[in-house]
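With the hints as a guide, bring both chains together as one complex.
Listed in order, the protein sequences are those of chains C and V.
The numbering of the first sequence is this note's numbering, which starts it at 1 and goes up by one.
The numbering of the second sequence is this note's numbering, which starts it at 1001 and goes up by one.
Please keep in mind that the hints were generated in silico from the structure rather than gathered at the bench.
One or more of the hints may lead you astray.
As the list claims (entries may be wrong) - Distance condition first, Cα-Cα at most 27 Å in a straight line; then the derived DSS-like pairs of lysine-lysine:
#1 461/C x 30/C
#2 269/C x 1023/V
#3 1023/V x 28/C
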Amino acid sequence: MNLPVIIKFVIDLLAVLLLALGIKGLSKVKSARDANRLAAFAMSLSVVGLLSYYLGTSGIAIQSWIWIIIGSIIGSLFGAILAKKVPMTSMPETVALFNGCGGMSSLLVALGVAIFPISNSLENLDFFKSLINEVSISVSIFVGAITFTGSIVAMAKLQGWLSTPGWTQSKVRHFVNIVFAVASLIAFFDLINGNTSSIWLLVIVSSLLGIGVTLPIGGADMPVVISLLNSYSGIAAAAAGFVVDSQLLIVAGAMVGAAGLILTQVMCKGMNRSLVSVLFGGSLSAQSTSSSGSGEYTNITSCSVEECALTLEAANKVIIVPGYGLAVAQAQHTLREVTKKLEQNGIEVVYAIHPVAGRMPGHMNVLLAEADVPYEQLKEMDVVNPDFPATDVVLVLGANDVVNPQAKNDSSSPLYGMPVLDVQEARTVFVIKRGMSAGYSGIKNDLFDLPNTSMVFGDAKKVLNDLIGELKDLGVGEK
Amino acid sequence: MSFISLLWVLLLGSLLGLELIGKVPPTLHTPLMSGANAISGITMLAALTLIVKAEGNVPLLIIGSVSLGFALFNVVGGFFVTDRMLAMFSRKPSNKK
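Here chain V stands alone, though its shape is the one from the complex (with noise of 0.2 Å):
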């Protein structure tokens, strides 16, 4: 991939974003805040990309290894403290709107 084509992606990416968020209820503030966190947690895909590519330095691995951890709490309790927050308001009947 070259550089420029990366840019592409970062601008139309962030745009995206812009355009995905438009009107939002107070009462989602809270769990689409976290659910985004845990997006940002995709992090991960790079801590991976550092331990295939370490080829045996261990310290590298152990970098890889430890970022992976982070990203990972930061994506399976993102999504896990998401679903309950919303788990609490699927139980009623939101039927207006």
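Isolated chain C, as found in the complex (with noise of 0.2 Å):
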């Protein structure tokens, strides 16, 4: 062993190291901002670790170094824009898009190798070696080709650019899966067998594959498939790594394909599906045409702001439970002015978080995060729900589907099972939204037909700058 190959082990064994302990403490709110720039050191330790490698052996000609800085500077550009101007709410889309970029980089690496053998320093290509060469760069274009499509599938239906077509979620698509799926395989084996014309049919039909598969899926579950395309990312990586020989990016790859995987897990617990009924049932919406979901309200009660600021000052204890229509609406500094005022006036305020509020599980933390909310008066469902029959007043802003009593009390409802907030149980409900439309599954909610639910039809941050004129009116936080 000489010199370099010395130095590029060792680094590489801290990136690795660097990058668990990255991941680790990622998982800890304590430790999360430290662990995130930790991991991105070691990124970049584990760039200097290659690049000193090459300088070493076998040197970088000028050409290489300005294609390298081209690309580099084009994406981190481009990437660093993008993730300063997103907007909080589009978190789910945007880590959506990323993720698909990174298979396409993996898609790139093996299709550029296939086509291009790269002279291979190691050693003459044996027939094992050469084999296992092969199915690296099918499995990297296959997982590669999935992972961008889905993802930029996933981006557009979370974006609003894409609807869910009718026909997939007929019994037709799992034919055409079905087919996209065979035909990938037989791809796949003909690539194996050495005829590299195939590869183009490979990187054709499973890309087709990865929109097939995402498309029928609806809008509640996306966060789940977003974190499993994350871990496909991660497999591909790890594939990339076997085509360049490079531990580092198969330690890297595994771990985030492993790590996404549990997450994916998780996720699926919190919203009561299994992963099995996400990738093959369709949306929800389309189940409940054929069920009882669907059906007219019968006994809405509609009332006005002032109301709604009256009975808030009468009372001692409110909860709070915001949904995606709050993060729409950019109304949690607005609300977040109006909790002030009740906790003015030693009214006790607490913020019921579902897990899978605001389409992606954490979302809403991060949007009440950023209205300065105290960490300490957002409670999770399992904490919140035995709070409710204490509670005078529910405010629903955005939410419907987290707070559905038919996930409780129906059985042949789409959504029985799924666990929800049991804010029917407070004293008064006031419901926060902008029309009479349905939650993201499509389902009646029968919450409103409740005697104890009031509807305040509005635009959250509308409503809301009404309540806080409503309330100053009254006298309410006013010292």
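Structural data, given as structure tokens:
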């Protein structure tokens, strides 16, 4: 072993260690931010390790430097700009986009190696070695393509650029996807057999498979899919590691792949859905049309902002249930003003956070933290559920499915079994909502029909602003 | 590196990944996902290798460069966005566990 090899070995080892510590630290609130920086540092370290190795052995041609610099500047610049500019509400889409690009990168590496076999400095490829090479190229292309198209579709659906086409909810989609999957397999084995031209077939059908699998999935399940695709991009990276013979890539890719799977599992549990039903069940709304889910509202009570303010003023304990509607209206800061007023009047205010509130686990916590809501006031579902019977007023802001009592009472409902917040146990429930439209699942919400529920119609931000005015008139929060 | 030892690396890496994420509070699901996502951009190393070994093959240089761009978009964007999210938590007195 000569010096560059030893140096690279030490740096790689250190990078793996730091990456592992980074992932570990990211799972605790206290250490998360430092852990993220540690991981970022480990990544830059790994680049330094790789470049120094090549500088010390084969050297790096000027031409290579130019292309390295072009690629890195453009990629980093766009990444940094997007990361700084994107609003917190679009976080799920952004993660999906980044993830898709990671998959694309693995795909391109494998494609490059397949079309222009690089002079492998290690040894002449014997049969076994070349077989492994081809398998890893194929896996990298297959997983990379699925990750890319799947993530882009997920992003487009979350952004509202793509809706769920009707045919994807029928049984036809299974047939179509099976065709794509079989075609990928054929291309896969053909490629391993040494038929390089089938590489394009593999690229095309695995891309189509990514689209075909993601397109039917409803928005409520999208976070799970993004997490799963995130795990895939780790697997794609590990496969690319086999292609270019890099242990570091394999370890890091495998870690992300495995960690992503666990996270996906955790999310599924939070929504009481199995991974299989998320992937193959289609969207909830499609199922509901055939079951008892739909129906007319019979007993809607609507009320004015003024009444809402009066009830709030008389309350002792208020629970806020924020949902995606709040995020869309960007009303988290206005909400904070309202709750500040209530608190000044000695009213206890707590936020009930459903595990999947805001379309992505933890998304709502991020948004409320942005509005300076104290961390201690955010209560998880299991903690807050026993408190509802002793609560005077519940304010539901842009949440819908997560407060639907059907999930507990109606075994024929598609929502049945999903953990929900028991808001109906409270004395009074105000639902602030733009209209009577259904939630993400497309299912009627029985909560709205209950006698203790009143609807306040309007955009969350506007209603909250009006509420501030009304509370002011009542002298709430004035010292 | 022989293939068998690479397989060992894969196996141990996976086990490590499974072990690392034990109990994650729901608050951290989004940042954790985003952080892990940034790490999966480690394919930038593969793209770099491709460019270095291209030996003047221009199409390969371009593919490598585009691949590097995509990977770094993922890495840089991923870490920045994660940091932005986590910055909101750390301002809070999170002395409870």
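With the threshold set at 27 Å, check whether the alpha-carbon distance from residue 461/C to residue 30/C stays at or below it.
violated (32 Å)
Are the Cα atoms of residue 269/C and residue 1023/V separated by 27 Å or less?
holds (13 Å)
Within 27 Å, alpha carbon to alpha carbon, are residue 1023/V and residue 28/C?
Distance ~9 Å between residue 1023/V and residue 28/C Cα, so the pair holds.
In this structure, the one hint that does not hold is number 1.
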